[in-house]
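Trainee: The lines below spell out each chain.
Number of protein chains: 6
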Amino acid sequence: MKMPMGIEGLDRMLKGGLLEGRNILLSGPCGSGKSTLAMQFLYNGAVRYHEPSLYITLEETKKKFYEDMAGFGMDLHEAEKTGRFVFIGGPIANIRSYMDKVDANFKNMVEEIQEVVKERGIKRVVIDSVNLLTMLAKNDEERRNALAMITNSLSALGCTSLLISETKEGSMDLSRYGIEEFVVDGVIVLYLVRQRNKFVPGIVIRKMRGTNHDKEIRYYEITDKGIVVYPQETVFMSIR
Amino acid sequence: MKMPMGIEGLDRMLKGGLLEGRNILLSGPCGSGKSTLAMQFLYNGAVRYHEPSLYITLEETKKKFYEDMAGFGMDLHEAEKTGRFVFIGGPIANIRSYMDKVDANFKNMVEEIQEVVKERGIKRVVIDSVNLLTMLAKNDEERRNALAMITNSLSALGCTSLLISETKEGSMDLSRYGIEEFVVDGVIVLYLVRQRNKFVPGIVIRKMRGTNHDKEIRYYEITDKGIVVYPQETVFMSIR
Amino acid sequence: MKMPMGIEGLDRMLKGGLLEGRNILLSGPCGSGKSTLAMQFLYNGAVRYHEPSLYITLEETKKKFYEDMAGFGMDLHEAEKTGRFVFIGGPIANIRSYMDKVDANFKNMVEEIQEVVKERGIKRVVIDSVNLLTMLAKNDEERRNALAMITNSLSALGCTSLLISETKEGSMDLSRYGIEEFVVDGVIVLYLVRQRNKFVPGIVIRKMRGTNHDKEIRYYEITDKGIVVYPQETVFMSIR
Amino acid sequence: MKMPMGIEGLDRMLKGGLLEGRNILLSGPCGSGKSTLAMQFLYNGAVRYHEPSLYITLEETKKKFYEDMAGFGMDLHEAEKTGRFVFIGGPIANIRSYMDKVDANFKNMVEEIQEVVKERGIKRVVIDSVNLLTMLAKNDEERRNALAMITNSLSALGCTSLLISETKEGSMDLSRYGIEEFVVDGVIVLYLVRQRNKFVPGIVIRKMRGTNHDKEIRYYEITDKGIVVYPQETVFMSIR
Amino acid sequence: MKMPMGIEGLDRMLKGGLLEGRNILLSGPCGSGKSTLAMQFLYNGAVRYHEPSLYITLEETKKKFYEDMAGFGMDLHEAEKTGRFVFIGGPIANIRSYMDKVDANFKNMVEEIQEVVKERGIKRVVIDSVNLLTMLAKNDEERRNALAMITNSLSALGCTSLLISETKEGSMDLSRYGIEEFVVDGVIVLYLVRQRNKFVPGIVIRKMRGTNHDKEIRYYEITDKGIVVYPQETVFMSIR
Amino acid sequence: MKMPMGIEGLDRMLKGGLLEGRNILLSGPCGSGKSTLAMQFLYNGAVRYHEPSLYITLEETKKKFYEDMAGFGMDLHEAEKTGRFVFIGGPIANIRSYMDKVDANFKNMVEEIQEVVKERGIKRVVIDSVNLLTMLAKNDEERRNALAMITNSLSALGCTSLLISETKEGSMDLSRYGIEEFVVDGVIVLYLVRQRNKFVPGIVIRKMRGTNHDKEIRYYEITDKGIVVYPQETVFMSIR
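Chains as they are written, first to last, in the working numbering: chain A, 15 to 254; chain B, 15 to 254; chain C, 15 to 254; chain D, 15 to 254; chain E, 15 to 254; chain F, 15 to 254.
Source of the hints: derived by calculation from the structure; they are not laboratory data. It cannot be assumed that every hint is accurate.
The list makes no distinction among identical chains, and a pair is therefore deemed to hold if it is satisfied within one copy or across any two copies.
[Stated by the list, open to error] Pairs of lysine-lysine, BS3-like flavour, derived with a Cα cap of 30 Å:
#: 1; residue 1: Lys16; residue 2: Lys212
#: 2; residue 1: Lys76; residue 2: Lys29
#: 3; residue 1: Lys16; residue 2: Lys78
#: 4; residue 1: Lys121; residue 2: Lys77
#: 5; residue 1: Lys132; residue 2: Lys76
#: 6; residue 1: Lys78; residue 2: Lys132
#: 7; residue 1: Lys212; residue 2: Lys239
#: 8; residue 1: Lys78; residue 2: Lys121
#: 9; residue 1: Lys76; residue 2: Lys229
#: 10; residue 1: Lys229; residue 2: Lys239
#: 11; residue 1: Lys77; residue 2: Lys229
#: 12; residue 1: Lys16; residue 2: Lys77
#: 13; residue 1: Lys78; residue 2: Lys29
#: 14; residue 1: Lys77; residue 2: Lys29
Please work from the sequences and hints to get the whole structure.
Mentor: Encoded structure:
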């Protein structure tokens with residue numbers, strides 16, 4: 015079954031939306047609108063499709079985040095009141111000590127998430143971002159294990175999730191460590207294509223297991239209605 | 015003796031198929047269709063050529079994988095019932111502890127595979143992927159030894175095997191660590207050739223001991239019948 | 015609420031100025047005028063908008079810095095007398111020992127800043143630069159934590175702050191370690207665009223949460239009135 | 015005295031062949047035909063020039079290797095029966111333990127080789143490949159010492175030897191570690207020149223002490239008679 | 015107050031010379047004439063402007079250096095006799111042991127310099143080069159501290175100083191470790207611009223706090239009168 | 015005083031030859047003819063100019079080296095008999111143990127050289143190559159110290175010396191570690207300029223303290239008379 019993201023152009027690129035129960039990596043550089051796009055997926059879920067949605071962040075305060083999203087026409091306070099939107103997070107100054115507090119064990123964080131998901135019947139999840147988690151891992155194996163534990167548990171609970179990954183400026187990488195794309199069922203990439211006098215936004219579906227999808231790099235804009243994707247407009251990159 | 019892969023265009027590139035008893039590296043970036051191509055090799059083996067086939071994965075759940083493959087017209091439940099298709103795996107959240115459970119010894123995993131191969135008379139094997147195995151190794155020597163142990167034992171049992179390796183986005187590497195290609199008899203590479211507005215799939219046979227083969231980069235498509243290779247259509251890369 | 019920086023062209027690019035209470039990364043290579051631009055933000059704040067402003071540096075002596083800024087028409091001695099400009103700093107030869115003196119604890123430095131901010135009702139803050147702080151950190155996690163502690167505490171006190179980051183010559187990086195951009199609400203980048211016979215200054219707003227902004231790389235000059243931004247003049251980069 | 019390799023085009027490039035008693039590095043990427051070329055040197059030695067020849071491999075099984083070479087028209091079983099061809103090797107799954115078995119001492123392996131050389135009057139030697147040996151070394155010094163020990167002992171016994179080195183895909187390196195070329199008297203390089211739609215084989219003599227030689231990159235083919243070199247046909251590389 | 019360097023073209027680029035009491039990084043690759051340019055700054059200071067000048071080197075013998083400079087028309091023996099030129103140095107074979115001798119403490123070297131500066135009323139200082147100092151440091155923090163200690167103490171004594179830094183061949187770096195430019199008030203860069211058949215010298219002022227300056231890359235020559243700068247002639251670089 | 019190298023074209027590029035008592039780095043990639051050029055400097059010294067000359071190698075056997083040089087018309091046996099040519103060396107399989115034998119102390123090797131120089135009145139020295147020495151050093155500081163100890167002691171004895179350094183294939187580096195050029199008075203570089211179908215030899219004087227010199231990249235050939243330099247023929251490189 016396909017679950018529409020509620021972003022018209024992107025849903026058309028996806029031939030209807032995301033497959034239910036799958037984990038998708040949403041990657042892109044600083045300032046490409048990853049959080050906004052992910053939030054639209056949740057907001058549309060909660061408000062338009064009546065599916066309980068969960069936003070998990072370790073980096074943003076609720077106050078700032080709600081203000082920013084209001085600027086894109088998403089009233090998260092209202093969404094919250096409907097009981098179909100849950101916000102977990104706020105910035106953690108000292109990650110390690112936070113980890114310690116939740117029982118010195120990454121598993122506890124996963125369990126905490128599982129509990130909320132079950133209790134509230136969550137269908138859509140966003141984790142913004144996985145960079146902090148991967149930064150804490152001591153090596154590639156640990157990194158991969160931490161991510162697999164999260165994605166497996168979310169899949170097992172039937173959630174469709176977006177994992178946000180901030181990529182290095184100017185690179186073509188799909189993720190920070192080149193591990194993240196291993197544990198997911200799909201990868202959507204936002205590029206800021208450097209052109210001679212500006213950075214042009216482009217979105218591409220790099221991988222999407224179990225479904226057909228558009229293959230080209232499409233233009234998008236960050237507007238005061240959030241991300242708008244133009245599925246007919248191609249972005250051209252320079253080729254090295 | 016040549017063993018057809020059952021992917022017409024690719025078999026033509028291979029002048030009939032793979033040599034029996036050989037280990038082939040199948041490498042390519044995220045989203046290039048490695049798992050699908052490899053599964054077609056097994057499915058065609060089991061269904062069309064009546065050769066028992068074995069799929070080993072440490073990364074995918076059976077449920078998701080069977081769903082995805084159904085989307086390419088491969089009914090793995092049916093294949094399984096014929097007794098000529100075996101699936102081993104499901105995602106392992108914590109690789110090291112799994113390794114430990116199977117006797118803290120990589121050899122046990124190899125022995126387990128050998129047992130299944132003998133018992134079921136397996137002729138075709140896919141390991142999806144070797145990245146996790148190489149990620150666990152502490153250095154190049156260990157990496158090479160682990161791979162050699164697997165490939166040697168599969169060869170000794172007369173299996174023809176595909177080892178899947180996911181390469182780094184945008185690189186021209188043949189494998190993750192540059193070690194994997196040492197222990198195999200052939201290398202088939204999938205590229206997603208970055209062009210100005212999309213990523214075009216291309217397949218090339220980079221090495222194939224003991225047999226002649228096509229040398230050009232050929233176009234392929236991921237269709238709802240799986241991978242289709244066009245052995246007459248060349249893909250052009252930009253040259254740095 | 016928007017807070018004008020008092021640099022006309024840049025304020026126009028920002029559609030009025032910076033959002034109050036946000037942390038902005040100001041990055042650029044050696045010699046691009048980061049300190050001058052940041053000081054204009056404070057000087058205009060103190061003198062034109064009557065908002066108490068704080069400049070924190072671990073690298074410059076007050077004497078040299080005041081002399082240099084006088085060359086751009088900013089009389090910091092006068093500004094200081096109004097009670098709306100505070101300078102903390104002077105070069106620290108041995109950073110670690112300084113850190114030790116303030117109680118071997120980075121938190122003390124943060125608390126010291128908080129105290130000044132509260133006492134003087136500071137609204138605008140510049141930290142010049144975060145490179146020394148990140149250089150001291152032992153790993154990416156520590157680096158991120160140190161920066162988060164500063165930005166969170168400044169935000170909590172309602173300050174709008176510029177964090178200066180010197181980038182590597184010739185790179186397109188947004189910061190020294192690729193971590194700094196994680197903990198801020200916006201990123202303004204100064205480039206010295208290498209052209210065939212000189213380095214041409216260009217400024218771009220790479221990210222600015224919660225507000226619309228200009229997306230192109232604009233020309234600026236370092237004049238004897240400080241930085242002058244030309245919001246209509248585009249700078250063209252060569253594309254690799 | 016010059017010793018013909020028996021590969022006509024290459025002998026012409028070498029103005030007659032290799033100098034007797036010298037060590038030559040034969041390097042190239044995966045799939046460039048290094049083993050085949052080296053085996054032709056030995057096979058021609060044994061069969062055409064009646065010079066006892068020795069092939070040492072730690073990576074290939076005798077069975078597979080003999081099959082593959084039969085595909086190039088070289089009957090190694092027959093060659094063996096003449097008493098002028100010796101094969102040592104077969105794949106070693108665990109190199110370190112093998113090393114240990116031969117007395118935990120690399121010297122023993124060298125002595126073993128020396129013994130065979132003396133006993134059988136070996137004139138031509140191929141070591142396929144030195145990558146495993148260099149992979150085992152802990153640093154550049156150890157790497158260089160291991161290689162020097164082998165090459166010096168072979169030279170001292172009057173053998174002309176080819177040391178095979180697999181280079182990294184897409185690089186212009188002469189060897190894996192950039193150390194190997196130090197301890198040899200000559201370097202022959204096989205390239206797979208990436209062109210827009212295929213990889214074109216090219217061979218060049220990069221260094222050959224004590225003799226004049228062709229300097230251009232020449233075209234070669236892997237045919238069912240083995241490597242055929244076209245000393246008049248130049249391969250053109252793109253220049254970065 | 016501006017202090018002329020006595021190199022006409024460069025003084026014109028600097029709109030009169032260097033600001034007194036400032037530390038300038040003079041960087042460039044091997045063979046670009048850094049020592050000669052720096053010595054001209056001192057020689058002109060001592061002979062033409064009657065300002066006591068100090069040359070500190072850990073790499074050159076006095077004999078060789080005086081011979082070389084004589085070749086550029088600078089008679090250092092004579093300059094020394096006027097009492098306005100001081101040479102400290104000569105090559106140190108073992109830096110660490112030298113450091114140890116001067117009390118195992120880098121501070122002693124700084125104090126030694128301070129003493130000479132006070133005693134002789136030194137106004138101009140050259141340190142040739144800072145590479146050895148930075149090479150000794152264990153990490154970026156130590157590196158930065160060592161340099162800051164020197165530059166701060168020289169500034170405090172009112173000296174105008176040039177710190178020579180040799181950059182890596184072919185790079186666009188401003189210094190060896192990318193730290194050096196942090197602790198100075200200005201950066202002058204010498205390039206050897208690789209053109210198709212030679213290396214063309216070019217000089218640019220990359221940063222100069224507190225003063226306006228030329229922004230283009232200008233041509234210069236190493237003549238038998240030392241460095242001659244052509245402030246009207248632009249050097250064109252290829253842009254990647 | 016200038017000392018002719020006896021290679022006509024190169025002496026013309028040097029405006030007569032090398033300055034006496036100076037240390038020159040001779041660098042270039044594998045196969046560029048470094049040893050041959052350096053030997054010509056010594057052979058001409060011994061035979062044509064009657065100056066005692068010393069060749070030090072840790073890599074070549076006397077037998078092979080004398081054979082190779084005979085191929086360039088240099089009869090080293092004869093030269094030796096005149097008493098004006100000394101050969102020290104032969105390949106050292108295990109460098110560290112050699113170092114140990116000569117008293118576990120690098121200084122002893124230097125003293126040994128000094129003794130020979132004094133006893134035989136050596137004027138010209140070649141060390142082929144410094145790569146092994148630098149490879150043994152544990153860090154940049156040790157590397158620099160070892161080289162400085164050698165060059166200082168040779169200079170002190172009035173020797174003019176060439177230090178051979180093999181550079182990495184395809185790089186523009188001046189030496190293996192980027193340290194070697196620090197401790198010398200001049201740098202001569204041999205390039206093998208990659209052109210579309212071959213590697214063209216080019217020689218350039220990158221630095222030569224105390225004397226004027228040619229600045230262009232000149233063509234040279236490796237002939238049966240040794241290196242021949244064409245000081246009027248320019249080699250053109252592609253510029254990235």
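Trainee: Enumerate the violated hints, using their earlier numbering and listing them in ascending order.
Mentor: none
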